[in-house]
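There are 2 protein chains.
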Amino acid sequence: MNEYNFQLVLSFFSKLQNKICDTLIQVDNHSVFKKDIWSKKNCQGDTRILKNGKIFEKASVSTSDISGNSLPNTSTNKNKNFLNCLYRATGISVIVHPKNPYIPTSHLNLRFFLVYDSQNLLKWWFGGGFDLTPYYGFTEDVVHWHQTAEQICRPFGVDLYKKYKKWCDDYFFIKHRNEPRGIGGLFFDDVNKPNFHHVFSFTKSVGDGYIKAYLPIVNLRKSYTWSKRERDFQLYRRSRYVEFNLLLDRGTIFGIQSQGRIESILSSMPPIVKWKYNWKPRPKSQESKLYTDFLPVKNWINKN
Amino acid sequence: MNEYNFQLVLSFFSKLQNKICDTLIQVDNHSVFKKDIWSKKNCQGDTRILKNGKIFEKASVSTSDISGNSLPNTSTNKNKNFLNCLYRATGISVIVHPKNPYIPTSHLNLRFFLVYDSQNLLKWWFGGGFDLTPYYGFTEDVVHWHQTAEQICRPFGVDLYKKYKKWCDDYFFIKHRNEPRGIGGLFFDDVNKPNFHHVFSFTKSVGDGYIKAYLPIVNLRKSYTWSKRERDFQLYRRSRYVEFNLLLDRGTIFGIQSQGRIESILSSMPPIVKWKYNWKPRPKSQESKLYTDFLPVKNWINKN
Numbered sequence: 076m077n078e079y080n081f082q083l084v085l086s087f088f089s090k091l092q093n094k095i096c097d098t099l100i101q102v103d104n105h106s107v108f109k110k111d112i113w114s115k116k117n118c119q120g121d122t123r124i125l126k127n128g129k130i131f132e133k134a135s136v137s138t139s140d141i142s143g144n145s146l147p148n149t150s151t152n153k154n155k156n157f158l159n160c161l162y163r164a165t166g167i168s169v170i171v172h173p174k175n176p177y178i179p180t181s182h183l184n185l186r187f188f189l190v191y192d193s194q195n196l197l198k199w200w201f202g203g204g205f206d207l208t209p210y211y212g213f214t215e216d217v218v219h220w221h222q223t224a225e226q227i228c229r230p231f232g233v234d235l236y237k238k239y240k241k242w243c244d245d246y247f248f249i250k251h252r253n254e255p256r257g258i259g260g261l262f263f264d265d266v267n268k269p270n271f272h273h274v275f276s277f278t279k280s281v282g283d284g285y286i287k288a289y290l291p292i293v294n295l296r297k298s299y300t301w302s303k304r305e306r307d308f309q310l311y312r313r314s315r316y317v318e319f320n321l322l323l324d325r326g327t328i329f330g331i332q333s334q335g336r337i338e339s340i341l342s343s344m345p346p347i348v349k350w351k352y353n354w355k356p357r358p359k360s361q362e363s364k365l366y367t368d369f370l371p372v373k374n375w376i377n378k379n
Numbered sequence: 076m077n078e079y080n081f082q083l084v085l086s087f088f089s090k091l092q093n094k095i096c097d098t099l100i101q102v103d104n105h106s107v108f109k110k111d112i113w114s115k116k117n118c119q120g121d122t123r124i125l126k127n128g129k130i131f132e133k134a135s136v137s138t139s140d141i142s143g144n145s146l147p148n149t150s151t152n153k154n155k156n157f158l159n160c161l162y163r164a165t166g167i168s169v170i171v172h173p174k175n176p177y178i179p180t181s182h183l184n185l186r187f188f189l190v191y192d193s194q195n196l197l198k199w200w201f202g203g204g205f206d207l208t209p210y211y212g213f214t215e216d217v218v219h220w221h222q223t224a225e226q227i228c229r230p231f232g233v234d235l236y237k238k239y240k241k242w243c244d245d246y247f248f249i250k251h252r253n254e255p256r257g258i259g260g261l262f263f264d265d266v267n268k269p270n271f272h273h274v275f276s277f278t279k280s281v282g283d284g285y286i287k288a289y290l291p292i293v294n295l296r297k298s299y300t301w302s303k304r305e306r307d308f309q310l311y312r313r314s315r316y317v318e319f320n321l322l323l324d325r326g327t328i329f330g331i332q333s334q335g336r337i338e339s340i341l342s343s344m345p346p347i348v349k350w351k352y353n354w355k356p357r358p359k360s361q362e363s364k365l366y367t368d369f370l371p372v373k374n375w376i377n378k379n
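Quick mapping for you: the protein sequence lines, in order, are chains Z and B. Following our numbering, the numbering of the first sequence begins with 76 at its first residue and continues without gaps. Following our numbering, the numbering of the second sequence begins with 76 at its first residue and continues without gaps.
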């Protein structure tokens, strides 16, 4: 179980960060990422923010490498005997909030944990995934997103897509609203089998696959025009994103529990958000279709 | 300890709700509160929302009367042996988000809990308080706010203002930002001594005192003109309010834990909010004065 290579993971996350930033810049035509290299106690990171782009209202592409002597309970889904143990972790987080309400918000997170457990044995695991949050849904976009997810998983096991798709649906569920955050994707955690190189390969495929999943959707929808109505619906729906991230997201709560750099942790926040008391879309409106046709969990590609 | 009267408390909260709504409507000139009477399982409430008023962008004035058989751990600051016990609670919550960035946001909460403890003995307590969140501070406003708080406390004990002012400063502290939410006020919890009528009288004084504390500030600042700059700062600062309410506020988390009516629980959310990555005010600007002159905890009236 000890054949891990932390440097390989760090290096992959760093290259992936460059690749994703380059791709987003290319799509956004001349916009730039502001880069903040930060360090705090035993932690360091590289937070890159694009704001007020032509396509992207805000994009956050961040990596970090953190250590501590008391693993917060949000870091793992099951290994509760790892709590209060020495740990080191590295991760990449990407959140893209497009300006155009017809382009969905997307999110990628990948993370690698190393922990000395209570018997002082070294354990490692990978976790992460990607998920999509549309405002106005298009069936072909959602099918493409899930087909890409399925293609990523296929070489690693026949049932993997089904398993990680369900995990994603379960994780990104806004309990207090009884409503999924978006249309899902992949989510995995505490994965260390069969061996480091296998799980690392899978993690790399998820990272590389994120751009393949998202870019075609951005390119298809970026020329759509929108009015105040669509913008308003987007800002309203973004409040659900904030509620999920602050009330439920283990990544955000882990960051706060581990006393990380707050501006990096909350760089996922949308730039502008609206809350409307007890608002509901008109029945059969374009806005209501999100709730009736897209948010309910379903098999988008008939393979799960 | 059993001489409580739940009906008296319900009735006071209901009258206070009417009084506060009437006062806000009067100030706001022709605006109206939309009233939602709701019920859910063993809970009921009366949520009143004013939106897009002339002065108030959003005001939420709500009462509720809830029961359950498993008291969430956020309901009390200390009585952890009350958990998983039968309870009934009633409360009033007021949050006012003015349009004008020169008028502070204000908040009042009062609550009364009845619980059968693990020995099946009936316990009761009051909690609550009020606090103020300015965007642009005025010393005379903050002094007036705290003087009113001190006058409310004085008949009930010489050290009460000092104690509840400190409790408020401690409670409304945004740990992950290392920053107070506003300039404080009063906060108390788990209070049941010396007897019901004494604590109820104090609670009534806090409720009646809220309008006396807030109204003069609204009237003093409502004619101030503002530009995009002040509005932008207000929207940015409102993100701190959201972070506090979703990450730290026991009332919000209690509401969610007790599976209350989500639209009422989150009626405290500001109508429109901005997050800006790593933004800081220019040194010595009007905006920076909030951080240097108002947010740091201090003795505003030389009496604590």
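Be careful, since some hints might not be right.
Copies of one chain are not kept apart here, so a pair can be met inside one copy or by any two copies together.
No more than 25 angstroms apart at the CA atoms, straight line, and that leaves these computed lysine-lysine pairs for DSS-like [what the hints assert, rightly or not]: (1) K174 to K355; (2) K115 to K373; (3) K355 to K116; (4) K129 to K364; (5) K349 to K116.
Derived from the structure by calculation, the hints contain no laboratory data. These numbers come from a predicted model, not from an experiment.
Going through the hints against the structure:
no., hint, in the structure
1, K174 to K355, "both (22 angstroms within a copy, 24 angstroms between copies)"
2, K115 to K373, "neither (43 angstroms within a copy, 29 angstroms between copies)"
3, K355 to K116, "between (46 angstroms within a copy, 22 angstroms between copies)"
4, K129 to K364, "neither (27 angstroms within a copy, 34 angstroms between copies)"
5, K349 to K116, "neither (36 angstroms within a copy, 29 angstroms between copies)"
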